[in-house]
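Novice: Each chain, letter by letter, is given below.
Number of protein chains: 2
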Amino acid sequence: MAVNHRIVLASRPAPGLPVPENFRIEEAPIPAPAEGQVQVRVHYLSLDPYMRGRMDAAKSYAKPVEIGEVMVGGTVGEVTESRHPKFAKGDFVAGSLGWQEWGVADARAVTKIDPQLAPISAYLGTLGMPGITAWVGLLDIAQPRAGETVVVSAASGAVGSVVGQLAKIRGCRAVGIAGGKAKCDYVVHELGFDVCIDYKAGRLRDGQVAPRNMNPEGPDSGEREGRYPLVLSDALKAAAPNGIDVYFENVGGETLDTVLRLMNPFGRVAVCGMISQYNASEIYGVREFRSILVNRLRVQGFIVSDRMELWPKALAELGGWFREGKLKYRESVAQGLEAAPRAFIGMLRGENFGKQLVRLV
Amino acid sequence: MAVNHRIVLASRPAPGLPVPENFRIEEAPIPAPAEGQVQVRVHYLSLDPYMRGRMDAAKSYAKPVEIGEVMVGGTVGEVTESRHPKFAKGDFVAGSLGWQEWGVADARAVTKIDPQLAPISAYLGTLGMPGITAWVGLLDIAQPRAGETVVVSAASGAVGSVVGQLAKIRGCRAVGIAGGKAKCDYVVHELGFDVCIDYKAGRLRDGQVAPRNMNPEGPDSGEREGRYPLVLSDALKAAAPNGIDVYFENVGGETLDTVLRLMNPFGRVAVCGMISQYNASEIYGVREFRSILVNRLRVQGFIVSDRMELWPKALAELGGWFREGKLKYRESVAQGLEAAPRAFIGMLRGENFGKQLVRLV
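Just so you know, the protein sequences line up as chains A and B, in that order. Per the working numbering, residue 15 is the first one in the first sequence, and the count goes up by one each step. Per the working numbering, residue 15 is the first one in the second sequence, and the count goes up by one each step.
Some hints here could point you the wrong way.
[To be verified] Derived CB-CB ranges, DEER-like:
hint : chain 1 : residue 1 : chain 2 : residue 2 : range
1    : B       : A160      : A       : R363      : 47 to 53 Å
2    : A       : G206      : B       : T125      : 41 to 47 Å
3    : A       : G206      : B       : I81       : 45 to 51 Å
4    : A       : N256      : B       : A353      : 42 to 48 Å
[As the list claims (entries may be wrong)] Capping the alpha-carbon separation at 25 Å, the derived lysine-lysine pairs in DSS-like fashion look like this:
hint : chain 1 : residue 1 : chain 2 : residue 2
5    : A       : K327      : A       : K342
6    : A       : K126      : A       : K327
7    : B       : K251      : B       : K195
8    : A       : K251      : B       : K77
9    : A       : K77       : B       : K251
10   : B       : K195      : B       : K214
Because the hints were derived from the structure by calculation, they are not lab data. Backbone N, C-alpha and C define an ideal beta-carbon position, used for all residues, glycine too.
Model the full assembly from the supplied sequences, consistent with the hints where possible.
Specialist: So, in structure tokens, the structure goes:
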């Protein structure tokens, strides 16, 4: 008889990266749907940075996963049994069934997806929560105008890759920040960003090499303290010669500080994530907060689940652009539920390339 | 024959507080108005924190004062000669004639003021730039709703005192932060704030004493690092039992960090000034930036001169409330131009009480 495998939180991680021992794989009966529910065979599990926050006991914007509970996570899968008239066996649905092979959910907690429009895994990426996150943060919060310069960190990731492509659709200059030559090549040559800065190398990936040891801003710049990654700063100046109007923030830390210094007056910063801080054992102090005053910036944090009313509009637009070939994506797919913990830790280290998924069937 | 006395920037200050030697008093002929200008005998000079920024060579939101130039500053005075039909000798006008006894200005650069409605010095405070700054930051940017909690730092100052009174007019709970018992007593008993925290004593000034050594937020709070002024944090928790919805920021530094930790979801921070940083030789790193993400805050810097289109509406409302007795104020008046440098340095140290002015006649 088939069993359900699921991964539960075994222990809370110490500050820093989680370790595989923080997770435990369990066998359990396949859950049966109650009236009004569907039973789903999960095909893909999404791995996302926010999950790191849920592993801590500390208060954040959502409640923590308790020890022994199944790890939370977005999923797509096939309905194997339905006790709700809206769904039939064989339908494909997106939902949040967590790190397990089988799950049940209330009918209103899952959404039918169209395998004709896109591979079902896309509904965990460009046509799912990450894509809608990009849409809300860029188009609703930051609202770039044609000709403005948009910078996005973690540019090759599930959210960042959509942000840059939306910026191009809006007529903006799109500047990515990513780690490594392969990611930067992808961001420029496949996704169509204007330029991508390899923060690991401090080099532009369109052939230009960032100048080093320049300090054009004089003794008042942050560089007098010798703290900033000069190479990133110089590379950004070269990549955004007219300054930065919009920053879509995924990483935090020194990258945030470096970008803040280069923001144009009346710039907007959409704060979507601060992945560099999720595992940090010491909190980074943001030194360029004063730029918010001097440049009259609007800095706004957001969480896509607060803006559910925007989802239909966002999905319709994303789907349209996807059909037109304007939204490309790449996936890193780990195979089998037992691979999820290491894939998750690797993602937090930046080892994935594009949307990180686990394929369960 | 009468001469004009004026104070020029003699040298740029080292990081930290300016010293009297950064200024030099000069004699000069009284300037004659050209066609379209007015000549003004300055009665009051306004001293404001932003002037510290203008003393540095570094780029900020306005160009620096050059060495040898008259220090910038808002003024009110009497028209002594007019070469523009809109003004007559004897009119009182507000303008920016700087640190000098006499000045000339284009007619469009000065505004007629009404000595019947209020003492002319009020047009440098509650009915001038500081009052309009409070109006724009609180009512246009932060937009508090009735019942929300508004915290303002530098609460007894020219801007902060208006912020809290506007918050009360809007039906909010107004919490001030100020330095010393006298200022806190004034903020609560004269201005009508609900409570004022004396950051120097860490005590509430309505009789409550802040609890000490509490750490209810557990090991993830900033307190684990031992960096925050626990007393301010505890006092704020007591003063804002429902959390903080709006923060009107005048000071920066640890106060900013402490407030950020206590912001409610969807709170707004209007960044008007960071006086603690203007003279700081070391930049403070803001550790609670993550609260912007976790609590989906909107943090917006602003400068009142960017919003000139709001001035007529703001002034009309402020004037109305002033007539109704709802806007009280206090002034610290230094006598004579030569007293300006020390009064300015004292203001940067927080030694003034209410709006800092220099009386020149």
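Novice: Decide, hint by hint, whether the structure agrees.
Specialist: Against the structure, the hints come out as follows:
1. Checked against the given bound of 47 to 53 Å, the beta carbons of A160(B) and R363(A), roughly 48 Å apart, stay inside it.
2. As the Cβ distance of G206(A) to T125(B) is approximately 52 Å, the hint placing it in 41 to 47 Å is violated.
3. Between G206(A) and I81(B) the CB atoms are about 50 Å apart, so this pair conforms to the stated range of 45 to 51 Å.
4. Between N256(A) and A353(B) the Cβ separation comes to about 46 Å, which falls inside the hinted range of 42 to 48 Å.
5. This hinted pair checks out: K327(A) and K342(A) have alpha carbons roughly 20 Å apart, not beyond 25 Å.
6. As the CA atoms of K126(A) and K327(A) are separated by approximately 16 Å, the hinted pair is consistent with the 25 Å bound.
7. Of the supplied pair hints, the one linking K251(B) and K195(B) holds, its CA atoms being roughly 19 Å apart against a limit of 25 Å.
8. Pair hint K251(A) plus K77(B) holds up; C-alpha atoms about 22 Å apart against a cutoff of 25 Å.
9. For the given pair, K77(A) sits about 22 Å from K251(B) by alpha-carbon distance, which is consistent with the 25 Å threshold.
10. A hinted pair counts as satisfied when its Cα atoms are at most 25 Å apart, and K195(B) with K214(B) qualifies at roughly 9 Å.
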